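Same order as they appear, the protein sequences are chains A and X.
The numbering of the first sequence is my numbering, which starts it at 1 and goes up by one.
The numbering of the second sequence is my numbering, which starts it at 1 and goes up by one.
In short, the hints are calculated from the structure, not lab data.
Incorrect hints may appear among the rest.
Looking from chain X toward chain A, a few residues come up when the C-beta cut is under 7 Å (computed) [to be verified]:
id: 1; residue: G33
id: 2; residue: Q34
id: 3; residue: V37
id: 4; residue: D57
id: 5; residue: R61
id: 6; residue: V64
id: 7; residue: A65
id: 8; residue: D67
id: 9; residue: Q104
id: 10; residue: Q105
id: 11; residue: R109
id: 12; residue: S212
Note that this is a predicted model, so its numbers are computed, not measured.
Ideal Cβ placement from N, Cα and C applies to all residues, glycine included.
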Amino acid sequence: MTPEPRHEQRIAVELNGETHELEVEARRLLVHFIRDDCGLTGTHIGCDTGNCGACTVILGGKAVKSCMLLAVQADGASIETVESLAAANGELHPLQRAFSEHHGLQCGYCTPGMLMSAKHLLERNPSPTEHDVRKAIHGNICRCTGYAGIVESILAVAEGGSV
Amino acid sequence: MLLSRVAYARPQTIEEAVELLSEHDNARALAGGQTLVNVMKLRFATPDVVVDIGGIDGLDRIAVAPDGAVELGATATYDAIECDQRLAEVRPVLGRVASVIADQQVRNRGTIGGNLCSNDPTNHFPPLVVALGATMTIVGTEGERHVHAAEFFEGVYMTAVRPGELLTSVKLPPPVAGEGAGFAAMTIGKEGTGIVNVAARVRVNGTVAEPSIVVGCVAGIPVSAGAMEAALAGSAPTEASVRLAAQGLGAALDPPSDVHASADFRRHLAEVMAVRATLQAVDEAMR
Chain A
1 MTPEPRHEQR IAVELNGETH ELEVEARRLL VHFIRDDCGL TGTHIGCDTG
51 NCGACTVILG GKAVKSCMLL AVQADGASIE TVESLAAANG ELHPLQRAFS
101 EHHGLQCGYC TPGMLMSAKH LLERNPSPTE HDVRKAIHGN ICRCTGYAGI
151 VESILAVAEG GSV
Chain X
1 MLLSRVAYAR PQTIEEAVEL LSEHDNARAL AGGQTLVNVM KLRFATPDVV
51 VDIGGIDGLD RIAVAPDGAV ELGATATYDA IECDQRLAEV RPVLGRVASV
101 IADQQVRNRG TIGGNLCSND PTNHFPPLVV ALGATMTIVG TEGERHVHAA
151 EFFEGVYMTA VRPGELLTSV KLPPPVAGEG AGFAAMTIGK EGTGIVNVAA
201 RVRVNGTVAE PSIVVGCVAG IPVSAGAMEA ALAGSAPTEA SVRLAAQGLG
251 AALDPPSDVH ASADFRRHLA EVMAVRATLQ AVDEAMR
């Protein structure tokens, strides 16, 4: 049966392992659903044009920019945000530790997106080259221009590196 | 950002999608959304209904036949095209081009169908599918029709897909013996928007045969470099003959000027990229 187009829709999204079921407007961007409806404000809005990557989350195992998706498109999907990285007891994820130790953040605004892009890269390619790392974060802009530290941090977590 | 009010439906089949697209005025197909959501933010597009084709089973399939013929489903992502090992064997140019579109996040969502249907003149896939001799399958309420890539692009942001229709797949003919393809682009930043791009396909059988060289970013639709193709056909597969054939290509074009490049610079780049793309194609053909 052909579905009827609707302006509002009830969606269920698994966010960091927890199901959020809410009625949302079809025009609502995924990033607003995550931040405003689910209260997870770790995912940042930088440019709102799809260029900066601060809003990067992992949807169905793939890094995506959550300002370039409608929330309704994520109905039934599983999403990981930056809040999923640290353990429940507060222990940081190896990527977070590496960013801290290798000066991978300055103002920190781009960091949630950088971390999620880095996580996606390392899941697909546990031993990336520097070129692979730079290509993986091509869609994430650090306006402090602190790329050297970010690349170093990600390489430190890669296989063979030390954290 | 708050978009204009819009209704949303997620059909399960191509038939349902076509029904939705044809029964609702101002309805648009939504695939990865990497173009459409942004143009909706800018209010360049304000559809009343978006029909999400991301839930249609099998529409993202990538099929490679034993003879090397390729069929790319409309919602196959750039990332899927880049990572497909079968494509890397029969049509390596597809993965190479897919791998330099925008960035990883966009490649994870953006689709071949969206790239072609948006027909942004700076996109990489339009000149490539023309050079490769692709055929598009378009489905409407009257059934299915097939449009050759050379007739698919009609103008800036306009294609042969009419309101109420859906592009469902892109078919590439099997490579013939001694065939190669290439692609070269000057972009804004390493993997950014195209300033000039050129796709080439040649067959080498002692000499160059049936060259197809197509220039993007210089007009509303991809432009075939007819004079260069004619000059190259029957020539030796050497750099000297490719360079000679490319001479005058730029002068025959009428590209736009903008902040990124003047028209004259684009004419110059067209020749440079045409040489690079053709040499890649020749190299692959002779391998």
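Hints, one by one, checked against the model:
no. : hint : verdict
1   : G33  : 6 Å, holds
2   : Q34  : 6 Å, holds
3   : V37  : 5 Å, holds
4   : D57  : 14 Å, violated
5   : R61  : 17 Å, violated
6   : V64  : 22 Å, violated
7   : A65  : 28 Å, violated
8   : D67  : 31 Å, violated
9   : Q104 : 6 Å, holds
10  : Q105 : 5 Å, holds
11  : R109 : 5 Å, holds
12  : S212 : 30 Å, violated
Hint compliance for this structure: hints 4, 5, 6, 7, 8, 12 are broken, all remaining hints hold.
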